[in-house]
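Q: Chain order of the listed sequences is X and W.
Using our numbering, the letters of the first sequence correspond one by one to residues 492 to 833.
Using our numbering, the letters of the second sequence correspond one by one to residues 3 to 548.
Please keep in mind that the hints were generated in silico from the structure rather than gathered at the bench.
The beta-carbon is built from N, C-alpha and C at its ideal position, and this holds for glycine as well.
Treat the hints with care, since some could be wrong.
[Said to hold, decoys possible] Going by beta-carbon spacing under 7 Å, a handful of chain X positions derived as facing chain W:
| # | residue |
| --- | --- |
| 1 | K527 |
| 2 | E540 |
| 3 | I544 |
| 4 | N547 |
| 5 | V549 |
| 6 | A555 |
| 7 | K558 |
| 8 | E563 |
| 9 | K674 |
| 10 | G693 |
| 11 | K699 |
| 12 | R825 |
| 13 | A830 |
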Amino acid sequence: MRIGHLPLGLLLIVSLCLPPLGSAAEEEVNVYSARKENLIKPLLDRFTEETGIQVNLVTGKADALLKRLQSEGKNSPADLLITTDAGRLHRAKASGVTQATRLPGDDERMAGMFRDPEGHWYGLSLRARPILYVRDKVAPAELSTYEALADPQWKKRICIRSSDNIYNQSLVASMIAADGSEKVEAWAKGFVGNFARPPRGGDRDQIKAAAAGVCDIAIANTYYFAAMIDSKDQAQRAAAAKLRVFWPDQAGRGTHVNISGAAVTHSARNRDNAIRLIMFLLNDESQQWYADINGEYPVRPDIPVNPTLEGWGNFRMDTLNLDRLGELNPDAVRLMDRAGWK
Amino acid sequence: MISGTSVWRGGVVLIASLLAMPVIVILGFLLVPAGEVWHHLVSTVLPDYVKNSLLLMLGVSIGVLILGVGSAWLTSMCRFPGSRLFEWSLLLPMAMPAYIIAYTYTGLFDFAGPAQSLLREWTGWSYGDYWFPEIRSLEGAAVMLSLVLFPYVYLLSRAAFLGQSLCVLDVSRTLGNGPWRTFFTVALPLARPAIVAGLSLALMETLADYGTVQYFGVATFTTGIFRTWFGLDSTAAAAQLSAVLLLFVFVLVVLERSSRRSARYHHTSQRHQVLRRYPLAGWRGAGAALFCFGILFFGFLLPAGQLLIWAVTTADERLDAQFLSLVWHSLELAGIASLLALALALFLGYGRRLHGNWAVQLAVRIAGMGYAVPGTVIAVGVMIPFAAFDNGLDAWTRSQFGLSTGLLLSGTLAALLFAYLVRFLAVSLQTVEAGLAKIRPSMDEVSRSMGTGAAETVRRVHVPMLKGSLVTALLLVFVDVLKELPATLILRPFNFNTLAVRAYELASDERLADASLASLTIVAVGIVPVILLSRSIGRSRHEQAT
Numbered sequence: 492m493r494i495g496h497l498p499l500g501l502l503l504i505v506s507l508c509l510p511p512l513g514s515a516a517e518e519e520v521n522v523y524s525a526r527k528e529n530l531i532k533p534l535l536d537r538f539t540e541e542t543g544i545q546v547n548l549v550t551g552k553a554d555a556l557l558k559r560l561q562s563e564g565k566n567s568p569a570d571l572l573i574t575t576d577a578g579r580l581h582r583a584k585a586s587g588v589t590q591a592t593r594l595p596g597d598d599e600r601m602a603g604m605f606r607d608p609e610g611h612w613y614g615l616s617l618r619a620r621p622i623l624y625v626r627d628k629v630a631p632a633e634l635s636t637y638e639a640l641a642d643p644q645w646k647k648r649i650c651i652r653s654s655d656n657i658y659n660q661s662l663v664a665s666m667i668a669a670d671g672s673e674k675v676e677a678w679a680k681g682f683v684g685n686f687a688r689p690p691r692g693g694d695r696d697q698i699k700a701a702a703a704g705v706c707d708i709a710i711a712n713t714y715y716f717a718a719m720i721d722s723k724d725q726a727q728r729a730a731a732a733k734l735r736v737f738w739p740d741q742a743g744r745g746t747h748v749n750i751s752g753a754a755v756t757h758s759a760r761n762r763d764n765a766i767r768l769i770m771f772l773l774n775d776e777s778q779q780w781y782a783d784i785n786g787e788y789p790v791r792p793d794i795p796v797n798p799t800l801e802g803w804g805n806f807r808m809d810t811l812n813l814d815r816l817g818e819l820n821p822d823a824v825r826l827m828d829r830a831g832w833k
Numbered sequence: 003m004i005s006g007t008s009v010w011r012g013g014v015v016l017i018a019s020l021l022a023m024p025v026i027v028i029l030g031f032l033l034v035p036a037g038e039v040w041h042h043l044v045s046t047v048l049p050d051y052v053k054n055s056l057l058l059m060l061g062v063s064i065g066v067l068i069l070g071v072g073s074a075w076l077t078s079m080c081r082f083p084g085s086r087l088f089e090w091s092l093l094l095p096m097a098m099p100a101y102i103i104a105y106t107y108t109g110l111f112d113f114a115g116p117a118q119s120l121l122r123e124w125t126g127w128s129y130g131d132y133w134f135p136e137i138r139s140l141e142g143a144a145v146m147l148s149l150v151l152f153p154y155v156y157l158l159s160r161a162a163f164l165g166q167s168l169c170v171l172d173v174s175r176t177l178g179n180g181p182w183r184t185f186f187t188v189a190l191p192l193a194r195p196a197i198v199a200g201l202s203l204a205l206m207e208t209l210a211d212y213g214t215v216q217y218f219g220v221a222t223f224t225t226g227i228f229r230t231w232f233g234l235d236s237t238a239a240a241a242q243l244s245a246v247l248l249l250f251v252f253v254l255v256v257l258e259r260s261s262r263r264s265a266r267y268h269h270t271s272q273r274h275q276v277l278r279r280y281p282l283a284g285w286r287g288a289g290a291a292l293f294c295f296g297i298l299f300f301g302f303l304l305p306a307g308q309l310l311i312w313a314v315t316t317a318d319e320r321l322d323a324q325f326l327s328l329v330w331h332s333l334e335l336a337g338i339a340s341l342l343a344l345a346l347a348l349f350l351g352y353g354r355r356l357h358g359n360w361a362v363q364l365a366v367r368i369a370g371m372g373y374a375v376p377g378t379v380i381a382v383g384v385m386i387p388f389a390a391f392d393n394g395l396d397a398w399t400r401s402q403f404g405l406s407t408g409l410l411l412s413g414t415l416a417a418l419l420f421a422y423l424v425r426f427l428a429v430s431l432q433t434v435e436a437g438l439a440k441i442r443p444s445m446d447e448v449s450r451s452m453g454t455g456a457a458e459t460v461r462r463v464h465v466p467m468l469k470g471s472l473v474t475a476l477l478l479v480f481v482d483v484l485k486e487l488p489a490t491l492i493l494r495p496f497n498f499n500t501l502a503v504r505a506y507e508l509a510s511d512e513r514l515a516d517a518s519l520a521s522l523t524i525v526a527v528g529i530v531p532v533i534l535l536s537r538s539i540g541r542s543r544h545e546q547a548t
């Protein structure tokens, strides 16, 4: 090994890594997406087909992408940030990496709670977090609100995933917004005491565990349950068939919902293309795609929902502006820490 | 001569400080007061993090020592049915990323999985009627990590056993010690430095693991760091947790170094006899074979078989041109990173050997610290200074020349490769240093005193003696990079995916079957270097025997 040649070799290798120069001329839009590739790429490909605009994509965890945006600052190549929850959109806005935009002529199609009041972010699809119950063991009449799940009658009967998960953090944040910290903390202690087992696995795992008899109630996002009902895997279908959806809090504030959404970045150099992409993701075809392929609810009320979801009936949703979920997130995490929610 | 020394020393210190930068950036956040958040952590979750991390390390220690040392002793000293086969195949679990074996075992043995469902079907039991080991638990995580990390101990302790002079062992036997007593009183103490080195690698991997513990819901330092960082939105408190984690690592490094230092005095005899393997017949042979097969089965055959079954059912959907580009990207990154790591390890290793003073010693230690730091933490530590450099340069060229350079390094493969070096240099450095330690300084002196030049000495003495270590260093980093997930996920450029990224995206969506093709390909590609590695070990044994 000739040490003298090392720096030269290093330089060579490093130069190979740099992006090719002069590719900036064509029409493009750069996307940082917390939505997994297989749940966004088909739509992006359709967008390119239709508009000729090239979409460059990096997927990853929302927090990491946000950190990347922050450290890259005003030179960041990203034009659009896509996340799968409202809390992160709020955090992106709060840390100054997004900008306010107006969607041309589209302002009436989406309810106000699904977008930032100042236009920093827009919802793309909707998911709810209802209570799923095993139909042989629980009568729907026994169920009412999230709050009621702290009652001792549910001792060792509840499955829910870890409090590390953003959907649980958002759920608790929405409860704090409604009931106040003190009440929710007392609730969380009782609720944790009713767990059938220490939290582990994802949402589908809770559904499977309930179906297998570990618990009588699972809390999970709607698209996971829909995916299991429509699964090619017979075991998943069989598990899902044992459970039913209960929409909590229908007499009160409504069932907790969250969105996936998009924000134009502060540094966007292809701002117009980014807005075109948001518009595309909100058009009839894309909204239908979310409903059909991923079992999500469209954010536009005029788009029909997927038949599986329709079978669960209409429900009243919590109309809290989703921005609040992000604001209250740190409080929610602490509260769950104190309550011993692993 | 003096200038040569200062070039080496300057180079070593420069490289080491560059590699230490990400960790220093993170530790820099210690200066930002975390105040009340830290208080919250201490009073609620920190005791759990400490307890679980320690228990996990204890469990993995026990696991890798039993599996690694036991199988290394059997395959290097004894002959029993299949011993030749086990010699190399016991390295196969190394190709299996910990998070993938965790997903697979959960799919198989969880309450709703096929194993327990079958059991219930046969017996008519239902939940609560019977006891079954809970896969997703602290104990489960320790087992999963032990199954894939024991090869580090196996590899290093086997090399140590093979290097031991048989005379010493024979003397022990003629003095009336039985085989067990000889093992515990002679062979094991002699091999201790190598075993501890392997153990410390395994424990560093354990500390850095995120995928497995997160999936199993075990609250350790790594899961705590992310929760604090993102959930509580407190970078400062997350950095303080990282600092506590680094303290653990530092203890491990010191332990490993001190045990290696004592290694120098062990090779007293220059004469090696042909290693005769002790034949194990009857139930002993069967027991040995069963022990090794059990490890191979649970560490590789079972999970790989399950992946294969899943992959076959989903292959037609998942196998396309895009998939080939994933394979290519993974190979490309692993290849370049392992070469770079080897070059740097050689530079640092020689720098320390030839021109080591306290500064060089310290620099080399620091360069290896990144191994136990979780990939995400390193990635953020890389991202921040790279972006700061890019933005600073951009601002400067704008003001001087009215020209924007944009982001030169951020978001390129260069940033990603740098992160790999920070994370994995320790692996190649340890291997290269172990190789260099075998070349006694007296050999250099003899060669030089016979009029052989420095370059000639390297070519005729060092290269032949180092060859095995160099190949090992290359292959270990190759396999590690292939499996690496968190840093790749955060730092990769646009439109660039690897096998690990694909496997993770599907598996984290609880689509284990769809993730299996990518997972299996990681394993399959990882097997190639593992087999090369085992062959090079086989050869070194042969050379020793002649």
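Q: If a hint holds in the structure, say so; if it does not, say that too.
A: A quick look at each hint next to the structure:
Nearest Cβ of chain W to the Cβ of K527(X): about 4 Å, under the 7 Å cut. The hint holds. Taken as an interface hint, E540(X) does not check out: its beta carbon lies about 16 Å from the nearest beta carbon of chain W, beyond 7 Å. Proximity of I544(X) to chain W is violated relative to the hint, the smallest CB-CB distance being about 14 Å (cut-off 7 Å). About 4 Å separates the beta-carbon of N547(X) from the nearest beta-carbon of chain W, less than 7 Å, and the hint is met.
Using the Cβ-Cβ criterion of 7 Å, the hint placing V549(X) at the interface with chain W is satisfied: the shortest such distance is roughly 5 Å. The closest approach between the C-beta of A555(X) and any C-beta of chain W is roughly 4 Å, which is under the 7 Å cut-off, so the hint is satisfied. Because the closest C-beta pair between K558(X) and chain W is about 6 Å apart, less than 7 Å, the hint holds. The beta carbon of E563(X) is positioned within 7 Å of a beta carbon in chain W (closest approach about 5 Å), and the interface hint is therefore held.
Because the smallest distance between the Cβ of K674(X) and any Cβ of chain W comes to about 19 Å, over 7 Å, the interface hint for this residue is violated. Interface restraint check: G693(X) against chain W, minimum CB-CB distance 5 Å, threshold 7 Å, status holds. Evaluation of the K699(X) hint against chain W yields a held restraint, the C-beta minimum of about 4 Å falling below 7 Å. At about 6 Å, the closest approach between the beta carbon of R825(X) and any beta carbon in chain W falls short of 7 Å, and the interface hint on this residue holds.
At a threshold of 7 Å, the smallest CB-CB gap from A830(X) to chain W is about 9 Å, leaving the interface hint violated.
Violation of the numbered hints given earlier is confined to hints 2, 3, 9, 13; the remaining hints are satisfied by the structure.
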